[in-house]
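Visitor: Listed here are the chains, written in short residue letters.
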Amino acid sequence: MRRLSVLAMPLLGILLLAGCGAHRMTPVDARPVGDLKAEVEDADGGHVGLAPDFKPAAYRVIVLQPFEVSASEIKDQDDARLAKDMAAYLHAQLLRRLQATGIFVRVVDASISALPPSDERAIRLQGQISKLTEGSQALRYFVGFGAGAAKAQIETRLVDPQSQRVVMITADRRAAGMGIFGGDGRQFVTESMDQMADGYVKLLKHLWAGGRPGAR
Amino acid sequence: MTTVRRLIGFLLVALVASGCSSSVALTVPPVDKLRPAGWREPVQVGLGPIGGDPCFAEALKGYLASPGGLQLAADRTAPYAVLTGRVDRIEVHSNRGDKEVSLLYFSAFVITAPIAAAMYGAKDWHADAAAEGSLSAADAGGRVIWEKALTVSVSETQRTMPSADALNAAMKAGACQKLAATLLNAFAEHMSAELPSR
Numbered sequence: 000m001r002r003l004s005v006l007a008m009p010l011l012g013i014l015l016l017a018g019c020g021a022h023r024m025t026p027v028d029a030r031p032v033g034d035l036k037a038e039v040e041d042a043d044g045g046h047v048g049l050a051p052d053f054k055p056a057a058y059r060v061i062v063l064q065p066f067e068v069s070a071s072e073i074k075d076q077d078d079a080r081l082a083k084d085m086a087a088y089l090h091a092q093l094l095r096r097l098q099a100t101g102i103f104v105r106v107v108d109a110s111i112s113a114l115p116p117s118d119e120r121a122i123r124l125q126g127q128i129s130k131l132t133e134g135s136q137a138l139r140y141f142v143g144f145g146a147g148a149a150k151a152q153i154e155t156r157l158v159d160p161q162s163q164r165v166v167m168i169t170a171d172r173r174a175a176g177m178g179i180f181g182g183d184g185r186q187f188v189t190e191s192m193d194q195m196a197d198g199y200v201k202l203l204k205h206l207w208a209g210g211r212p213g214a215r
Numbered sequence: 000m001t002t003v004r005r006l007i008g009f010l011l012v013a014l015v016a017s018g019c020s021s022s023v024a025l026t027v028p029p030v031d032k033l034r035p036a037g038w039r040e041p042v043q044v045g046l047g048p049i050g051g052d053p054c055f056a057e058a059l060k061g062y063l064a065s066p067g068g069l070q071l072a073a074d075r076t077a078p079y080a081v082l083t084g085r086v087d088r089i090e091v092h093s094n095r096g097d098k099e100v101s102l103l104y105f106s107a108f109v110i111t112a113p114i115a116a117a118m119y120g121a122k123d124w125h126a127d128a129a130a131e132g133s134l135s136a137a138d139a140g141g142r143v144i145w146e147k148a149l150t151v152s153v154s155e156t157q158r159t160m161p162s163a164d165a166l167n168a169a170m171k172a173g174a175c176q177k178l179a180a181t182l183l184n185a186f187a188e189h190m191s192a193e194l195p196s197r
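The listed protein sequences derive, respectively, from chains A and B. Just so you know, numbering that gives the first Met the number 0 puts 54 at position 55 of the first sequence, and the rest follows in order with no gaps. Just so you know, numbering that gives the first Met the number 0 puts 151 at position 152 of the second sequence, and the rest follows in order with no gaps.
If you are wondering where the hints come from, they were derived from the structure by calculation, not from laboratory data. This one's a predicted model, so the numbers in the text were calculated from it and none came from an experiment. Incorrect hints may appear among the rest.
[Said to hold, decoys possible] Once the Cα atoms are required to be at most 25 Å apart in a straight line, the calculated SDA-like pairs of lysine to any residue come out as: (1) B:98 x A:141; (2) B:171 x A:65; (3) B:147 x B:157; (4) A:36 x A:72; (5) A:74 x A:26; (6) A:83 x B:100; (7) B:147 x A:67; (8) A:201 x A:141; (9) B:98 x A:22; (10) A:74 x B:72; (11) B:147 x A:113; (12) B:171 x B:79.
[What the hints assert, rightly or not] Just the calculated beta-carbon pair ranges, DEER-fashion: (13) A:142 x B:61: 45 to 51 Å; (14) A:109 x B:100: 37 to 43 Å; (15) A:69 x B:48: 32 to 38 Å; (16) A:138 x B:31: 42 to 48 Å; (17) B:48 x A:109: 27 to 33 Å; (18) A:137 x B:66: 32 to 38 Å; (19) B:104 x A:105: 48 to 54 Å; (20) A:59 x B:66: 29 to 35 Å; (21) A:213 x B:148: 37 to 43 Å; (22) A:80 x B:50: 16 to 22 Å; (23) A:27 x B:64: 48 to 54 Å; (24) B:46 x A:146: 49 to 55 Å.
Beta carbons are placed, not taken as given, at the ideal position from N, Cα and C, and that holds for glycine.
Kindly produce the complete structure, drawing on both the sequences and the hints.
Guide: Here's what the structure looks like:
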């Protein structure tokens, strides 16, 4: 019995840790752009809307523009700071992953430079953090069942700079409501951003390899 | 068996309380200096007042001291532009403290000591630092020719258990370096577009 408890305790500990963290949810009020609606559920990138004639492989350069945070998510100074920090955080995560993925000959950081003239066709990645809250650690700890959950939702657009046409939109959302002693809200939000950046770049890799959005 | 578990608990508490590592090496590489291909020679700039945390001024000087691109003007050289700026805010957040508290909590009871042991070996700490600041460039006549305000973020995930001071110092230095290098790279890009074949 003692031996069992000695074995069970580390397992319980690992289980406790594994159960914590952000998990995917269905995006809420994702805005359509023209005819495009984010309706196809993709294994990596959340919900996706794709223009029928979009040919990803034609684009060899991507320009990453800084994401904005919806004004409705900023109610006080703390929210304003979190919005700036998370927009910068998501930008850094996307930039790092886009550079590492190897599908583009160049990844242009639009926070440093405008798109320089080039023979390569470029695509512009724009987006918005449409939901952002650290939630409440006290509610997560004392109430649970989703109360006080940290939440984040991002909505992205891929725009052809030449025609100014939006060729792909996505919406992805994460929530985290469980952690040791309720968990730290900021950690949940950064973890959500990591997951969504990772999923988005995996989706691009899949599309640029000739795949379609959906289950893998 | 109880003695062993007590020993594990005691060792964990001692390990956490002492703070294992007094320095943190970030795995995220620093932002590279931009050296525009069209520039035939480095461009000399001067540094005016730089406000906020001194790490920002240090990071600007470090960038300008490395070869190529923008360079800090020597004493008797007239700079192309004088840079002024400030860092308004540097914030470091991490769950290192949460990991420490959890370990201490679970180590306190013999029955939960194995949880603490599992947690020590399995749980990473994660930290992110944000730096918000601005930089502007003025020509010889004092006219502002370029300015930019920016917030940058650096993040790190590791399994070691550093001291809180070491983690904060490393993250703050990383954020300062990124802010300085990103702003100066943006200025170099601007100059490159304005004067492509200097």
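Visitor: Each hint: holds or not?
Guide: Now for the hints, and whether the structure bears them out:
no. : hint                      : in the structure
1   : B:98 x A:141              : holds (20 Å)
2   : B:171 x A:65              : holds (22 Å)
3   : B:147 x B:157             : violated (33 Å)
4   : A:36 x A:72               : holds (23 Å)
5   : A:74 x A:26               : holds (22 Å)
6   : A:83 x B:100              : violated (29 Å)
7   : B:147 x A:67              : holds (17 Å)
8   : A:201 x A:141             : violated (37 Å)
9   : B:98 x A:22               : holds (21 Å)
10  : A:74 x B:72               : violated (45 Å)
11  : B:147 x A:113             : holds (13 Å)
12  : B:171 x B:79              : violated (30 Å)
13  : A:142 x B:61: 45 to 51 Å  : holds (49 Å)
14  : A:109 x B:100: 37 to 43 Å : holds (40 Å)
15  : A:69 x B:48: 32 to 38 Å   : holds (36 Å)
16  : A:138 x B:31: 42 to 48 Å  : holds (44 Å)
17  : B:48 x A:109: 27 to 33 Å  : holds (29 Å)
18  : A:137 x B:66: 32 to 38 Å  : violated (53 Å)
19  : B:104 x A:105: 48 to 54 Å : holds (49 Å)
20  : A:59 x B:66: 29 to 35 Å   : holds (31 Å)
21  : A:213 x B:148: 37 to 43 Å : holds (41 Å)
22  : A:80 x B:50: 16 to 22 Å   : holds (19 Å)
23  : A:27 x B:64: 48 to 54 Å   : holds (50 Å)
24  : B:46 x A:146: 49 to 55 Å  : holds (51 Å)
In summary, the structure is inconsistent with hints 3, 6, 8, 10, 12 and 18 from the numbered list given earlier, while agreeing with the others.
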